[in-house]
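*Asks:* One letter stands for each residue in the lines below.
There are 2 protein chains.
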Amino acid sequence: MQSPTVFHAPKRLLMGPGPSDAAPSVLKAMAMPLVGHLDPSFIQMMEEIKGMLRSVFQTTHNMTFPVSGTGSAGMEFCMVNLVEPGDEVVVCINGVFGMRMAEVAERCGAKVIKVEAPWGQIIEASQVAKALEGRKPKLVGLVHAETSTGALTPVEEISELAHQAGALMLLDTVTSLAGCEVNVDKWQIDAVYSGTQKCLSCPPGLSPVSLSDKALEVAQSRRERVQSWYLDVNLLNGYWGTERVYHHTAPISMNYALHEALRLVLEEGLETRWKRHQQNHERLVAGLSEMGLGIASQPGHQLWQLNAVTVPEGIDEASVRQQLLKDHQIEVGAGLGPLKGKIWRVGLMGESSRPEHVDQLLGSLKSILSR
Amino acid sequence: MQSPTVFHAPKRLLMGPGPSDAAPSVLKAMAMPLVGHLDPSFIQMMEEIKGMLRSVFQTTHNMTFPVSGTGSAGMEFCMVNLVEPGDEVVVCINGVFGMRMAEVAERCGAKVIKVEAPWGQIIEASQVAKALEGRKPKLVGLVHAETSTGALTPVEEISELAHQAGALMLLDTVTSLAGCEVNVDKWQIDAVYSGTQKCLSCPPGLSPVSLSDKALEVAQSRRERVQSWYLDVNLLNGYWGTERVYHHTAPISMNYALHEALRLVLEEGLETRWKRHQQNHERLVAGLSEMGLGIASQPGHQLWQLNAVTVPEGIDEASVRQQLLKDHQIEVGAGLGPLKGKIWRVGLMGESSRPEHVDQLLGSLKSILSR
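Sequences listed follow chains E and Z, in order. Take the first sequence: its position 285, counting from 1, is numbered 287 in the working numbering, and each next residue is one higher. Take the second sequence: its position 253, counting from 1, is numbered 255 in the working numbering, and each next residue is one higher.
Which copy is meant is left open, so a pair is good if it fits within one copy or across any two.
Derived DMTMM-like pairs (lysine to aspartate or glutamate); straight-line CA-CA distance at most 25 Å: (1) K344 x D329; (2) K113 x E226; (3) K328 x E50; (4) K13 x D41; (5) K328 x E49; (6) K140 x E226; (7) K140 x E219; (8) K30 x E358; (9) K13 x E49; (10) K52 x E353; (11) K342 x E118; (12) K113 x E86; (13) K328 x D318; (14) K30 x D41; (15) K342 x E245; (16) K138 x E158; (17) K30 x E353.
If you're looking for bench data, these hints aren't it; they were derived computationally from the structure.
Same shape as in the complex, but just chain E (with noise of 0.2 Å):
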């Protein structure tokens, strides 16, 4: 084989699902050269991080930390150190990811009972009150935003009722941390997981995770040893945790980016930053209104940071794509399952959640569509 040359990457507006643009100081954090990662500095820094996190989730819990593999990794962690085989798992399931949820469970040995909805809507509390009835089960899942289909579900109902029934609450929030309120502490979420590459901006490569000492007590006293050893807590604790034991070798410069990107959200301030994400989601409707164009999700639980635009009638989503990516340089997404060829998933997910974006995104559609 001729040896490939030097990769150059173009540039892109990326304003699909996922990953977002990284802010400049970020990119420039992951070419900082390589420490060890039991260097103290590094070891310093993973503390930050673990500060910063619990600063961004809302919440108090120790076990919080980045997995090092990308987000369906942290949906992992989470089902492989909660269930063990035979356990009932209750899911709710719209979309994409609530049926990746199911099958994790699966995976796990789980017993799965699915409280399903239409994609686009959200999912009911009363729904899984229903569910609930007469059931113990070990744990509720639940995806906060769903990336595939821009429906935002509310948390807190649902988080009482899994409780009440003495089940632990797991939460999916890849596409929602950082960009729209996500409380775990307030919440009560017991397990919770995201993504770096959405509304963090951070290159993907890492899942921040959050167990509740309750959680981490189920992981501590299972019956059985966790399936994964890759990511069995109770090692990975004595990494993350104040032993520092080697367990696996973590990702150095996409922790450098982590921090990196954490720290300018918290700079921004989580209250500012949601609020942006509100307002830029309000431009891109209004523009996309006055074109005759809607959205496709629920309406009142539509996603800011995750839009479901709708395909009219006639227009070959595909083609409109490919030419946005191809003469325009900006990425949007594609529909998934049900919602494929009837949807484009425009995504305004932290750095690429700017009024300019809305626009040149509103004019090159209009071009497109014009033609």
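Could you slot chain Z onto chain E? The hints should help.
*Replies:* Relative to chain E, chain Z alone:
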């Protein structure tokens, strides 16, 4: 919490068990702007990575790609896909990573037959032959280069024995790949994994793997689903194969870095690179010998890229390591398990393997030991 300030990584010379120093162009690649994980430019780059990995592994295996996790995730990838509950698996253990392999296999439900050698020694083919007598195991697992002890076990004969017994041959090349000969096709390796942060001199975060067609068939014709969703090759094949079905979001920047690191390896040439590792190892051994220091691992089977240096009687090894780091900005590793306190682990991997680094370490060590 007071928001942490910007993190500045100290400049270290990384001469421990990994990570090794990354080349400037690899660090620069990490700082390129992000593209989407289904961007045509990224997909072309993925193909180039697969091709270059095949060259470095010396294989034509189609299923060759980087797992989105560190080296241990690569180990787990191989085990979870190939092993099912109740399977008999032979694991060779002569250090930390053989032990880990056995534990990962057990967590897959395997019945593990252990072939053990003292730490620092190699696994003899005759030991494996004996363990295979009257057995038909699913798989034989071996660590090529034991990072915890500095011993390099010859592979070919053991692989032949495994195949004669009808077993798949699994090889850990985390520390060997690109630092000494690894020939997957010639040695008939069915499953192999490595890490990016050793002799490839790329930051940690990805695990190059390769499966033979036979191994892939085993994974595809399992009785039970793979216990890990994140590492299921049947799903990963859809993303890294020709279909490009969304599975997880690939760590974009890490793949940029791996592309550049592999390019540098092939530009240098595999044999030239191995020779360089050998020469710098010999330079180190000669210098140590002048100081009355030796190598603890089995003579004739000492790794070039990871040197287990015997700590002299009466010397506090931890104090020397700390002085090297604090006063000389040089990282070396500690011994593990039975070798704790008895050796320093001196890595000469990839970019770190240079004569001037060897001389710098020897000078620093001399000045500390003569105090």
